[in-house]
Amino acid sequence: MHIKNKPLLYLLFLILLCLPLIQMICPIVKVKPLKGAVINAEKPSFKLKSWFSGDYQEKYEKYTNDNIGFRPWFVKLYNQIQFSMFNEATARGVIRGKDDYLYEINYIKAYNGDDFIGSVEIIENVKNIKWLQDKLSELNKTLLVCVAPGKGSFYPEYFPDNMKKPLSDSTNYKQYIDNFKKYQVNHIDMNKWFSEIKDTSRYILYPKYGIHWSYYGMLLATDSLINYIEVNRNILMPHLEFTKMRSTSKLKYTDYDIAEGMNLLFQMKSEPMCYPEIKFTGTEHSIKPKTLVVSDSFYWSMFNIGIGKDVFSYGGFWFYNKQIYPESFNSPLSVDEIDLVQKVLENEVVILMSTEANLPKFSWEFIENINHALSNNDNNLNVINTQNQELQIRQIIKSIKSNKEWYNTVKQKAKTKDISVDSMLVLDAIWMIKQEK
Amino acid sequence: MVFSSILFLFCFLPVFLISYHLVNKKHKNIVLLIFSIFFYSWGGANFIFLLLISLTTNFFIVREMDRNVEKRKILLIASLAINVGILGYFKYANFFIENFNLVLNYLNFTSLEWTKVALPIGISFFTFQSITYTIDVYRNIHKPLVKLSDYLLYILLFPQLIAGPIVRFNTVADDIVDREKNETFNNKLNGIYLFVIGLSKKVLIANVLGEYVDNTFLSPISEANSGVLWLTIIAYSFQIYFDFSGYSDMAIGLGRIIGFKFPENFNNPYISKNITEFWRRWHITLGDWMKDYLYIPLGGNRVKSSIRLYLNLIIVFLISGFWHGAEWTFIIWGAWHGIFLILDRLFLIKLLSGIGKLPRIAMNYLVVLVGWVFFRSESLSQSVIYLKGLFSFDAMNFSEILEPKFIFILIVAVIFSFSAAFSWGQKLQEIFYSEKRAVKAHAFYLVLAITFLFICSSYITASGFNPFIYFRF
Chain Z
1 MHIKNKPLLY LLFLILLCLP LIQMICPIVK VKPLKGAVIN AEKPSFKLKS WFSGDYQEKY
61 EKYTNDNIGF RPWFVKLYNQ IQFSMFNEAT ARGVIRGKDD YLYEINYIKA YNGDDFIGSV
121 EIIENVKNIK WLQDKLSELN KTLLVCVAPG KGSFYPEYFP DNMKKPLSDS TNYKQYIDNF
181 KKYQVNHIDM NKWFSEIKDT SRYILYPKYG IHWSYYGMLL ATDSLINYIE VNRNILMPHL
241 EFTKMRSTSK LKYTDYDIAE GMNLLFQMKS EPMCYPEIKF TGTEHSIKPK TLVVSDSFYW
301 SMFNIGIGKD VFSYGGFWFY NKQIYPESFN SPLSVDEIDL VQKVLENEVV ILMSTEANLP
361 KFSWEFIENI NHALSNNDNN LNVINTQNQE LQIRQIIKSI KSNKEWYNTV KQKAKTKDIS
421 VDSMLVLDAI WMIKQEK
Chain C
1001 MVFSSILFLF CFLPVFLISY HLVNKKHKNI VLLIFSIFFY SWGGANFIFL LLISLTTNFF
1061 IVREMDRNVE KRKILLIASL AINVGILGYF KYANFFIENF NLVLNYLNFT SLEWTKVALP
1121 IGISFFTFQS ITYTIDVYRN IHKPLVKLSD YLLYILLFPQ LIAGPIVRFN TVADDIVDRE
1181 KNETFNNKLN GIYLFVIGLS KKVLIANVLG EYVDNTFLSP ISEANSGVLW LTIIAYSFQI
1241 YFDFSGYSDM AIGLGRIIGF KFPENFNNPY ISKNITEFWR RWHITLGDWM KDYLYIPLGG
1301 NRVKSSIRLY LNLIIVFLIS GFWHGAEWTF IIWGAWHGIF LILDRLFLIK LLSGIGKLPR
1361 IAMNYLVVLV GWVFFRSESL SQSVIYLKGL FSFDAMNFSE ILEPKFIFIL IVAVIFSFSA
1421 AFSWGQKLQE IFYSEKRAVK AHAFYLVLAI TFLFICSSYI TASGFNPFIY FRF
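Chains Z and C, in that order, give the protein sequences.
Here the first sequence is numbered in the numbering used here, starting from 1 and rising by one per residue.
Here the second sequence is numbered in the numbering used here, starting from 1001 and rising by one per residue.
Take the hints with a grain of salt, since some may be wrong.
[Unchecked claim] With a cut-off of at most 20 Å between alpha-carbon atoms, the simulated DMTMM-like pairs for lysine to aspartate or glutamate come out as follows:
{"id": "1", "chain 1": "C", "residue 1": "Lys1357", "chain 2": "C", "residue 2": "Glu1435"}
{"id": "2", "chain 1": "Z", "residue 1": "Lys43", "chain 2": "Z", "residue 2": "Glu61"}
{"id": "3", "chain 1": "C", "residue 1": "Lys1405", "chain 2": "Z", "residue 2": "Asp161"}
{"id": "4", "chain 1": "C", "residue 1": "Lys1405", "chain 2": "Z", "residue 2": "Asp55"}
{"id": "5", "chain 1": "C", "residue 1": "Lys1405", "chain 2": "Z", "residue 2": "Glu61"}
{"id": "6", "chain 1": "Z", "residue 1": "Lys43", "chain 2": "Z", "residue 2": "Asp55"}
{"id": "7", "chain 1": "Z", "residue 1": "Lys6", "chain 2": "C", "residue 2": "Glu1435"}
{"id": "8", "chain 1": "C", "residue 1": "Lys1405", "chain 2": "Z", "residue 2": "Asp99"}
{"id": "9", "chain 1": "Z", "residue 1": "Lys6", "chain 2": "C", "residue 2": "Glu1183"}
{"id": "10", "chain 1": "Z", "residue 1": "Lys164", "chain 2": "C", "residue 2": "Glu1403"}
{"id": "11", "chain 1": "C", "residue 1": "Lys1026", "chain 2": "C", "residue 2": "Glu1183"}
[What the hints assert, rightly or not] Among chain C residues calculated to face chain Z with C-beta under 7 Å, some are:
{"id": "12", "residue": "Trp1042"}
{"id": "13", "residue": "Ala1045"}
{"id": "14", "residue": "Lys1405"}
Calculated from the structure, these hints are not laboratory results.
Ideal Cβ positions, reconstructed from N, Cα and C, are used throughout, including at glycine.
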């Protein structure tokens, strides 16, 4: 018994040594892949020339390193050691703040003004946005800029000490907001609003370990966005209703995305976050203006709760003004492949959404392209103008019909004028459009 | 292929060990030779054929040397000429041509046209091993090997092929032919622990410190303040120690698993009280080789005049320095140590014998540190700038490199390097490097070894920074 144990121990070692190779060749254990932009080296093809030059060996070593069995576990172990023992966040661009608040570095840079593009460029952009806003307004369309909250502005108190800087006016966020006000560009400053309600909000608005607003914060923002459009266009739209409030420390959706990207071995502890059950109410009788959203990743969470379908009449989501969704889920479709003017003018509302960290490249050439296209396309606008007016008339008629009292009044007027009810509805709708203008 | 790579740890090593254990005793050496040739070819595909041809030639020359008494000396010279010639050509030709051209340019002559020669990996190590084979046979210390395959195995044995230890022929001659008595499971398990200790030294300490050292040397040295320069060279002293001793431990551990008992190469060199002692603890196999195959043939301690003795020492250390690399910095490093060795003999040991052990260790460490400046610098001018900055004491501000990871690893390195100067440190070492263990102890150490193996593997696969210093040699 005593003599046999040493061989057993040696055999155990050999078996453990073989497991990664076996797993690589023939995966026996299901291992969750690593999160993030992981590009593993491919197996190189053998050529005598590349063998003698050493190129094959170098590539094969890289391939083995990236694809050895259980590699995700190894990487997570390394990341956990660096994080727990040495305070290092191994994911590129991730900063570990005080109390383990995690930031993506661009959000800290944005808050500090390290990415400031200059007042001249910002004013130029704002003027272009204003031009588009006015152009769309002529067609009874609404342009709205929504500045989503940034983690840097929301949690500056948790910055690492070596990244704290005095507050500055030379930040993209501040300059954009000031100029939006100055040039009367329609905008919602969610960044400021979130900071204002941060201490009074019942649930966490910005997650400790996430890049984006919390699920709950996003829902509040959605409600606010709908309200703004309603007031701006004087219409009644579907509303977001919380049917059940649920709190849990098991973070969902994007509330843990930075920590997830760090690929740690152990889940980081979190305060409970709120994940209400929701539904959109009034979807049958209210107006759902067709709305195009050109946005960074902050709109994804709104898109995923169905706002595009239930509120915005499938207006479309242009991610960073590049990929078009939902079409790109089935087959990639980019903005370059479509008729820009036609697609934009099909919508009644156009929303441009960005967080402060993405303001340096805002609006990802959307404004420049559409403005240029519109400038060359004035003739087409008259045709589109008529089409839009017809659409508006139909929507107003739908509103009248949904209001019993109002509809009865129209019926009375029709009887008095001896014309059909439908004709009276059209006349009333046209009158209302003129009143708005 | 390096030991501290995923390819070696989880592909080459398990396949090799299984193949090795599955074949019968008669074929073990062939399996070992095949894997060793593949191991070398992986990193030096262009040189394997040259290596095999030169080794085969040397084998037959030495065999003939052993048989033919009349031509013994001529064949010895031929064998040495081949070995030194190959080393001289591949490793030093570029250096000599470059310096010759410098002289020509200085005298306004046209430079010689020369295409730089590539350096085969491990050439310094296997050449010296080959020389020990020739000389040990010549001196009748051991009979030559009967089979060519056994000779090739002795030189190409992958555990110690590319970075030592330099294994002298008579040390392993019998084991090459029959090592069954060494292939006990106790030895195999101890070999595993040693391998993992070496791997941990390399990956968890040397590589981590190396990142910080490289950052300093990649930036303009003249702009670094004195504090940073001191911290960097201290970090380098531990980087090179743990890197090289780590590799030696891995080589010795692997050898132990397959029945070879390679000699120790490092014995806590930084607790040395003088340079003489340092060279009995640092790269021991090189020191022994230089003593037996260069210093003693030059006359050793038995020369009549002191000047001749000191000259021999300087020659040995200049060659030691030059062996490390074909650069003036290595020659100066060797000379630096040679000078202090002479000073030790002249008066230094006697002078400092009165002061305590710890101050002498500190002073010797300082001497070694200065030497490392030459060793690490890319050029003489860089080493001069570094030393000027080091001793300027202009500002001792090293906050820019004082990160938690660096501080922690540096402290660990200091503890492991100097603990043997104290009785508690010696006791700890005895426990960890013990050869005899009960089964329960083996179970405990195996769990520890597997844990550290996986930690090291996680570092290797995740960090992507894994250079090895001694490959240049």
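Results for each hint:
1. C:Lys1357 - C:Glu1435: violated (29 Å)
2. Z:Lys43 - Z:Glu61: The hint holds at about 9 Å.
3. C:Lys1405 - Z:Asp161: holds (18 Å)
4. C:Lys1405 - Z:Asp55: Violated: Lys1405 of chain C and Asp55 of chain Z sit about 34 Å apart, past 20 Å.
5. C:Lys1405 - Z:Glu61: violated (27 Å)
6. Z:Lys43 - Z:Asp55: holds (12 Å)
7. Z:Lys6 - C:Glu1435: This hinted pair holds, its Cα atoms lying about 14 Å apart.
8. C:Lys1405 - Z:Asp99: holds (19 Å)
9. Z:Lys6 - C:Glu1183: Holds, because 12 Å separates the two Cα atoms, which is no more than 20 Å.
10. Z:Lys164 - C:Glu1403: holds (18 Å)
11. C:Lys1026 - C:Glu1183: Holds: Lys1026 of chain C and Glu1183 of chain C sit about 14 Å apart, inside 20 Å.
12. Trp1042: holds (5 Å)
13. Ala1045: holds (5 Å)
14. Lys1405: holds (4 Å)
This entry does not satisfy hints 1, 4, 5, going by the numbered hints stated previously.
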